[in-house]
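Q: Protein chains in written order, with our numbering: chain A, 1 to 324; chain B, 1 to 824; chain C, 1 to 173.
There's no promise every hint is true.
As the list claims (entries may be wrong) - Among chain C residues calculated to face chain B with C-beta under 8 Å, some are:
id, residue
1, Thr47
2, Gly48
3, Ala92
4, Phe104
5, Gly113
6, Gly151
Keep in mind the hints are simulated off the structure, nothing from the lab. As the structure is a computational prediction, the values presented were derived from the model and not from experiment. For glycine and all other residues, C-beta sits at the position ideal for the given N, C-alpha and C.
What follows is the residue order along each chain.
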Amino acid sequence: MMRLPPFRYHAPRTAAEVATLLAGEGPEAMIVAGGTDLYPNMKRRHQMPKTLISLRHVDELRGVQMNGAVRLGANETLRALEWHGALKERLPALWTAVQSISTPLLRNMGTIGGNICLDTRCNYYNQNWEWRRAIDFCMKCEGTVCWTAPSSSICWAVNSSDSVPVFIALGATFTLVSHEGERTIPALAMFGEDGIEYLTKRKDEVLTHIDIPDQGTARSVYRKVRRRGAFDFPVAAVAARVALDGDRVADSTLVLNAVGPKPVVCEEAMAYLAGKPLSDEVVTEAARLAGRGAKPLDNTDHLSMWRKKVVQVETRRALEALRP
Amino acid sequence: MRNSDEPLSPERQGLRDQLAEGYQMIGKSPIKVDAMAKVTGQTMFADDLSMPRMLHCKILRSHVAYARILSIDTSAAEALPGVIAVLTGAAMPIPFGILPVSQDEHALCLDRVRFVGDPVVAVAAVDEETAFEAIQRIHVEYEKLEPVFDPTTAIENKQEPLHDYGDDGNVHKRVSMEFGEVEEAFAAADLVLEDTMFFEGNTHLPMEQHASLAWREADGRLTIQSSTQTPHYLHKAMSKVLEMPPSRVRVIACPNGGGFGGKSDPFNHEIVVAKLALMTNRPVKIALTREEVFYCHRGRHPVLMHVKTGFRKDGSMTGMHFQSLLDGGGYGSYGVASTYYTGALQTVTYKVPAYRFDGVRCFTNKPPCGPKRGHGTPQPRFALEVQLDKAAVALGLDPADLRLRTLHPAGGITANWLQVGSMGLGPCIEKVVEASGWKDKWGKLPAGKGVGLACSSYISGAGLPIYWNAMPHSGVTVQLDRGGGVAVFCGETDIGQGSDTVLAMVVAEVLGVDLADIRLTVADTHTTPVDLGSYSSRVTVMMGHAAFQAAERAREVVARSVAKRLEVPAVRLRFAENRVFDVQDPENGMPFPKAVQVAEAEHGTIAMAGSYTPPASPGKYRGAGVGPSPAYSYSAAVVQVDVDLETGVVAVEKIWVAHDVGQSINEMLVIGQVEGGVYMGLGEALMEEMSYRSNRFGVHKIPSMLEYKSPTTHEMPPVETFLIESPDPNGPFGAKEVGQGPLLPMMPAVANAVFDAVGVRVDEVPVTPDKVLKAMQAKDKRYGPKSFPDLRITETMRVKTLEQGGDGTAPRPPRAEKQEVKSS
Amino acid sequence: MKPATEPDSPARSKVQMILRVNGESHDVAFVPHKTLLEVLREDMRLTGTKHGCELGECGTCTILVDGVPRLSCLMLGLESDGHDIRTIEGMAGACGAHPLQTAFAELGAAQCGYCTPGFLLAAEAVLARDPTPSRATLVEELGGNLCRCTGYLKIYEAIELAAARMQKGTPDA
Ligand SMILES: Cc1cc2nc3c(=O)[nH]c(=O)nc-3n(C[C@H](O)[C@H](O)[C@H](O)COP(=O)(O)OP(=O)(O)OC[C@H]3O[C@@H](n4cnc5c(N)ncnc54)[C@H](O)[C@@H]3O)c2cc1C
Ligand code: SF4
Ligand code: FES
Ligand code: FES
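For reference, chain A alone in the conformation it holds in the complex (with noise of 0.2 Å):
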């Protein structure tokens, strides 16, 4: 039985509590929500707090609300958001999205700002500490190279969220709360360059909750390319937005996510989208140049290089999906 390491354990009430703890605790302390991205982590020995702060009891932390904007409690569960009908009606590429995260049974238990601050992955690192020492572990966890990238000093474990590209696109916003106050940063702020440092928040943070601007007249898909129909991250994701004028694009954002350590905003194809159609042939040159930015490598399910014509066949079909 894989087992976990022990730890303290708090349960706070307030996302103050949360944010004093975490200022006392220090670094060795780390947030557990649903506990479905870090338990296994912490089983597997490669994420080893000494205290988790659960924010189970934090039910301001809860709750969707709507007006023009949509506002997400970062604690509610994606199963809550997936069985929310209004949201998805409003923001169908993001219940696409979070619909298509692992299992039900698993979006019964985590949760959605979990899912933003997952941590990055990749299949040198998401095994066994008796694995791990097998390969001399790597630069992200006790090692010092990448074995994705031999000659790499980054490391390249990929970023396998299913809702972050579609915070990106929509155009969403962050909110951090800490002992010293709050900040509030647009989604894509909160990714780093690194497979390591991943995450722009600091170990003192908690993310109380997301903003989704009003969307007007834009349209959004989220399309994920995974082995199985349920369990798999996704080893390429295209979130895609487009507002059109008549036919034409008045303004888009195209997001890559799953093929680098990073979410990839695709500004070359959204530039060539700006004013243009969405005809057969545009869409097939969006696609291509938004391909670019995607560097998937061989540490993930899937061929790298499949991965990498794939995402530009997701990448056109999203747009194709967004014609009037």
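Guided by the hints, dock chains B and C with the ligands onto chain A, whose structure is given.
A: Relative to chain A, chains B and C with the ligands alone:
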């Protein structure tokens, strides 16, 4: 029933007559005898067991692929509070292994480790956490040796051999045999196809992780309860390694939470907990982690194959030369048998007049391969069925027609001297062709959609036991009690396939009692007669015969007494609905318990044994032991796919499968086995594969349930199942196997369907999206291995076929000398 | 190796808790880092809850928490505080098996039976939300439970049979 050479008494004739009038139980679908325990959580699997004072065991495994062990320092582990015992290989120097010819494993490695995961040191501690911490404090010093990870390198013998036995260097086994004149057959053919194909290894992935609990009884005996499919073989291995007489070792197989062949070797961890229990005089349990289950493995061998076949214009074959190169992993396991199996059953589906087989199995520094559902036959079946599809296209024939034209005749003997009995492949093909609308679909669906057909056959039990002996393969005891209860004892092991239910149903059919009146004691070497185990699809046929015989003998005794009491001829007695009565005057009878009492008063306690030994096979040459079976099952399947033209993703939309089972004992269980086999086959066809990182010391790349891809509900398409029932003279009530056969057509049917959908050949399993895409982009519209190494065959055994007037033996001199004679 | 907490660390002393399991309150003591799976199986001897990976990758350990199926391997014993836990042992009532259990048995939906407790509890939750689930719903909602034996088809049939019987109010055949 066959297998009974005793003359038919009137009592027995009465049973025959009764069965001829119709079955009460056979072919129906009563609820499984263990079903309620399973749905209420009461079934105790091995890890559910615990005992007072029980210790927990953890094993330190090698983290290097190939090395000499220089020293082991366990002092820090021993010093940890809560650690009760630390065990190294030195304490168990006697080797073991499932096959007598491959006794190459040690419970803990002695001097060398051969793959990442090989067991080195074991710890028993008060709890699992402490044991886990203890093994991490053990220091093992290794001297690394150069590992080898693939058989094409291993066959060249440049590394230090893994073992000091085998055919040469890292070649564990090399076989070559020819039946008839293959070269002449090719010369006579209108079309000769040569294909090189690869079948990647995959594993069983039972949901239950192996677990074992062992303890020393107060009287000094040893007992182990374990998730094993083969308690009898474990019994032999334990007694050998622990140097205890078998009579003092008791092995109880727990219900297995899935096995599929993955729990049919005696395992190091089983011997380790037994040794620790003896050392500490406390119960010791081990429960493997999922990662460790991947190291146990014994799954499907990766096999590189080369198949050359001659066809006539009508699609019939003139001859075949099949070559296979097996990647065996670190140990022998069933590998010698697996090697032969890659060449054995090509001949039982279609007529192959001349046949040559060359096979080589190499050792590599990876977890050992062994028997997985279909043992050694899915790989060649894939190659053969895909090649037939190619032949049909080349000859302008419909693949279904081609197969129907070349079927092996029922009752015939194959080129390699296998005795075919009943043969329902024709009806199987016809069924799936009709149900799937094949004629309107094959070659006619829009781009991206396609259908593929493939067939298979499998043995209903191996004709020979794993170790040479002349004793029965299965034994059953039936004991009747005065209350009307029937106690049945048999060494068989239920691994989910429902063998307990089959056992009870056979006895119930003969004695006319309710299933609820039957009590089973199974899989316990202390109390039950030997049944060799749940492997090779042998249980229904062999245990079924033994159970029939035991029940028939008990019935005979009862019938004799009741006939006297009722004053009717015994031949007229019927046993049904818990009564024994006169068929001509059903009112004249008595309840079954009363009948038992009458008989017990006359004869004393009624306990009868039955047993079964398979018929001898006509093949007498060396190697003829692998392939023969009392009966062969047949299956055919049509798979319909939708291939994404841009990504190569293959979605299976629907499957039609027909299986010739001879006669269902329990129809529901038979269909369950078909559906389960289809599921597992689809996983192999599309996504399951063992893969290793040769860049990082040969670690298993994906040792987890998330990364090793087992199909979820989303990947499982609707399946229409048809059973073909043409009773086989060698099966109990005519029954043949169903546990393995229906898996086999899936892989080739998927590959053939992909060809129909997008016009490309993926000559490799699994058929993954990247391979489909690569094939679509390739000039030759194919993805697959390009070359096949020289197997370095120096001597081929030549056996005349029946048509050539052979007698099943291999006449001397062997080929090499014969050629000399020719040239001189 | 990563330093594990020393054996005498305060993180290793047991906590005492009342767990509500299958409608009964149990006083249980266990170390805080034990998952509910371990507490149920090891401290309460409720071994009906199985495990196949302990990492959230198979669904075998499914239990109901306030009627919602969850993975007991990814939740602490501590975290079940104040919740109603239901395991397979609590599925059959005094008056007999749950219609799902009967249907699973009758249709051969349990082969080796190892995945069965998880499937049954997941299925119970599905029927609570949707008494007449479509095949598509079953595929989606049972997507988190792996079975290596059945190919899922008999499991669907059994749930559909149970659903039909529950609609009619007839618990079994
Ligand atoms: C088998 C399996 C399959 C999976 N498949 C997918 C998938 O397909 N797609 C996908 O996106 N994910 C997947 N996941 C990952 C994970 O389960 C989900 O992302 C889930 O949403 C994580 O949420 P949680 O609440 O359980 O996070 P936790 O495990 O509780 O936390 C995850 C991380 O976030 C931090 N954290 C959590 N909440 C906060 C907060 N409010 N403020 C600051 N930090 C916080 C934690 O400290 C931790 O580092 C899978 C996991 C498993 C085990
Ligand atoms: S990308 Fe490199 S450093 Fe990062 S986890 Fe994988 S192997 Fe380790
Ligand atoms: S044991 Fe596999 S999901 Fe919990
Ligand atoms: S019945 Fe065996 S795993 Fe499902």
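Q: Evaluate each hint against the coordinates.
A: Status of the hints after comparison with the structure:
1. Thr47: This hint holds: C:Thr47 lies near chain B, its Cβ roughly 4 Å from the closest one there, short of 8 Å.
2. Gly48: holds, 2 Å
3. Ala92: At 5 Å from the nearest chain B Cβ, C:Ala92 passes the 8 Å test, so the hint holds.
4. Phe104: Holds. Min distance 5 Å.
5. Gly113: Cβ of C:Gly113 sits 3 Å from chain B, so the hint holds.
6. Gly151: holds, 3 Å
Checked against the numbered hints given earlier, the structure satisfies every one of them.
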